[in-house]
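Novice: Listed here are the chains, written in short residue letters.
There are 2 protein chains.
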Amino acid sequence: MRIAILGGDGFVGWPTCLHLSAQGHEVHIVDNLSRRWIDTELGVQSLTPMDSIQERCRIWKQVTGETLHFHLLDLAKEYERLKQWLAEYRPDAIVHFAEQRAAPYSMKTDRHKVYTVTNNVNATHNLLAALVETDIDAHLVHLGTMGVYGYSSVGAPIPEGYLDIEIDTPTGKRAQEVLYPTKPGSVYHMTKSLDQILFQFYAQNDGLRITDLHQGIVWGTHTDQTRRHEQLVNRFDYDGDYGTVLNRFLIQAAIGYPLTVHGTGGQTRAFIHIRDSVRCVELALDDAPERGERVKIFNQMTETHRVRDLAELVAKITGAEVKYLPNPRKEAAENDLIVKNDQFLALGLEPTTLAEGLLSEVVEVAKKYAHRIDRSRVPAVSAWTRDIGTRVDRDPEGRALKSVS
Amino acid sequence: MRIAILGGDGFVGWPTCLHLSAQGHEVHIVDNLSRRWIDTELGVQSLTPMDSIQERCRIWKQVTGETLHFHLLDLAKEYERLKQWLAEYRPDAIVHFAEQRAAPYSMKTDRHKVYTVTNNVNATHNLLAALVETDIDAHLVHLGTMGVYGYSSVGAPIPEGYLDIEIDTPTGKRAQEVLYPTKPGSVYHMTKSLDQILFQFYAQNDGLRITDLHQGIVWGTHTDQTRRHEQLVNRFDYDGDYGTVLNRFLIQAAIGYPLTVHGTGGQTRAFIHIRDSVRCVELALDDAPERGERVKIFNQMTETHRVRDLAELVAKITGAEVKYLPNPRKEAAENDLIVKNDQFLALGLEPTTLAEGLLSEVVEVAKKYAHRIDRSRVPAVSAWTRDIGTRVDRDPEGRALKSVS
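Taken in sequence, the protein lines are chains A and B.
Taken in order, the first sequence gives residues 1 to 405; the numbers are from UniProt numbering.
Taken in order, the second sequence gives residues 1 to 405; the numbers are from UniProt numbering.
Any given hint might turn out to be false.
When chains are identical, the list treats them as one kind, so a pair holds in a single copy or across two.
Unchecked claim - In silico BS3-like cross-links for lysine-lysine, where the CA-CA straight-line distance does not exceed 27 Å:
#  : residue 1 : residue 2
1  : 108       : 61
2  : 77        : 108
3  : 83        : 330
4  : 108       : 83
5  : 173       : 340
6  : 316       : 367
7  : 330       : 340
8  : 323       : 61
9  : 340       : 367
10 : 173       : 83
These are computed hints drawn from the structure, not numbers from a lab.
Please work from the sequences and hints to get the whole structure.
Specialist: Below, the structure is given as structure tokens:
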């Protein structure tokens, strides 16, 4: 297939490009490189030294003989160029990663809130409008988030996107299937909730074939393909905005920094290893809905864990210390989470679960590049409200860390 | 109260400004005048001759002695100016009409889709982010639409925004209240569905006090205030994009144009007279939620009617002919609609229902200005999809109108 990978230079985008190229697909990376600009803005960098996208593509060609095509294009701002691009290349499938993806970044200041909404909503909507306008029947696979479901304890498993409900009518109860009621916990998560409504409309009105992947928190860094050459290495974020919880614990352990648990650590979240993430995209691509079908929604995760349990596990393996800090987020202190992921299992996904070997692999990567870490950028300090901001301690080395335990 | 009325130059915005000014409030109109620009773009004009906003404000001052303050500002594009404006004026309440509000316009071309999404989402989100940033605890009253509920027959009354559902859990059924599952039928309606999620998040995360008015189709043109001087007249749209169904029937009757029913006319919709619309905004303003409360949602409508019944009623009063035309929209041919509006009734709303006298008043207005009508702009021709577009007849005078009956 000819596959356009929007946001193909990012953390999940890049290994997905390599994976699909290795499967024999013609891969086109469409990216505005905004993630690299945000690194510049924040003054942080990937823990792993990351080459330019052009250089990465050159190395892949050298290693495998396969071409990755790169197109610099801003989905959110360049609607007419997007349309021209689609009309010229007419992809069979599109994988859409091209959104600002960090909750803490989206809550940093009002400018970051506005940027995240404008960028993410316009990117997704431009794509949908352009697909209709160019009359391209490509299967669109979008990277969403488990966060659209919210993290309150519902006492029932989270289904894959749709909820069966009963409504009282004058003639008795009536069963109905609805999009799972959304309860996003950050501006970033909110944009993925908005995306769901855009998808629902365009599938219904225009028959677009759309799959939405509600992904858990990705951990790990290597896939089989990124391992093939040092310059194909995946980006690896350790900073308080873009680093995600489990990877951050592993990095903190590697550099002798306390494992920073926010609040009680009773937050339960869904996880998936990067290797499974790229495999899920492949499986989803092969399982396209028909025209006129509702949006297909997968829960793209393999296991759930409580944050404090993860911290204790990493501490046990590495000997690191665990610190309980004030939570910069506005969220339930504790929640249960049971998630259905039957669809990917039925399609043949074999989950890579939290094994000590894989955890240690990440610690090894972190140790190898530890000299590149700016310790002052490790704490997560973007607060969800001004009030919360005053309670969040900014001391990078934990000397004055306030404890909530 | 000092009240900012965003979009205060529009069809419901303007009479709302006058109504609230007449109640003694300090009224600030904030508008980018985009609706006037769209008239220019489409080459149509309000049936009623409409003065500039500055002139309208001058007349109001002359007639009543009250000042209407006008501020030219683009909510969607001028975030920093919006923030400055809020910080300077610190309104006690904000009424937000500032969105592109025509479904057919939003479906006209891909450019119109993109404009509607960008404009509406950014306007609403900019406002929310700016309220948080300036730390202004104004009650925000937003004009939404009944269309967020969708128009399928659910066999149960549509509640006011929230639905009580039951979820299966391992320990039995569990009751939960959720936002009514949204099913918007156009890009325009979709933006109001997106707004709901923005409101939910900002009420929850930042304690913003928000009321969302799910309004039905507005009909009529005069309010007590617009009647006070010829130059205070409200705008009155008759064209196929901005004209709304009942008003269009009345105008068509006035100029001897057939009443154009799309599809079978079995669509059931909710209606409200413009006089009640401005009164509802007043009632909602006085009934603000507390900080931390969920978004308050009212169904702002007074009655429901089937489109073909309205056409027959107008035909009976006026002797006009009814024509059944292909439907440019993608929607259910027939639907039931029962709507709860208990909250406004409890607050004292006395509904102005479809009375022959009021219907005739609109016909009289239309006859008075009939010489301003471009008959070729009367048909609704913006089609929801390209396929539907090929079936929609564009002949303005009905000579070649295809019948679906």
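Novice: Taking the hints in turn, state whether each one holds.
Specialist: Against the structure, the hints come out as follows:
| no. | hint | verdict |
| --- | --- | --- |
| 1 | 108 to 61 | neither (39 Å within a copy, 44 Å between copies) |
| 2 | 77 to 108 | both (22 Å within a copy, 21 Å between copies) |
| 3 | 83 to 330 | between (39 Å within a copy, 24 Å between copies) |
| 4 | 108 to 83 | between (32 Å within a copy, 17 Å between copies) |
| 5 | 173 to 340 | both (26 Å within a copy, 18 Å between copies) |
| 6 | 316 to 367 | within (17 Å within a copy, 84 Å between copies) |
| 7 | 330 to 340 | within (25 Å within a copy, 34 Å between copies) |
| 8 | 323 to 61 | neither (45 Å within a copy, 64 Å between copies) |
| 9 | 340 to 367 | neither (35 Å within a copy, 62 Å between copies) |
| 10 | 173 to 83 | neither (46 Å within a copy, 48 Å between copies) |
Violated hints, listed in ascending order, are 1, 8, 9, 10; each of the other numbered hints is respected by the structure.
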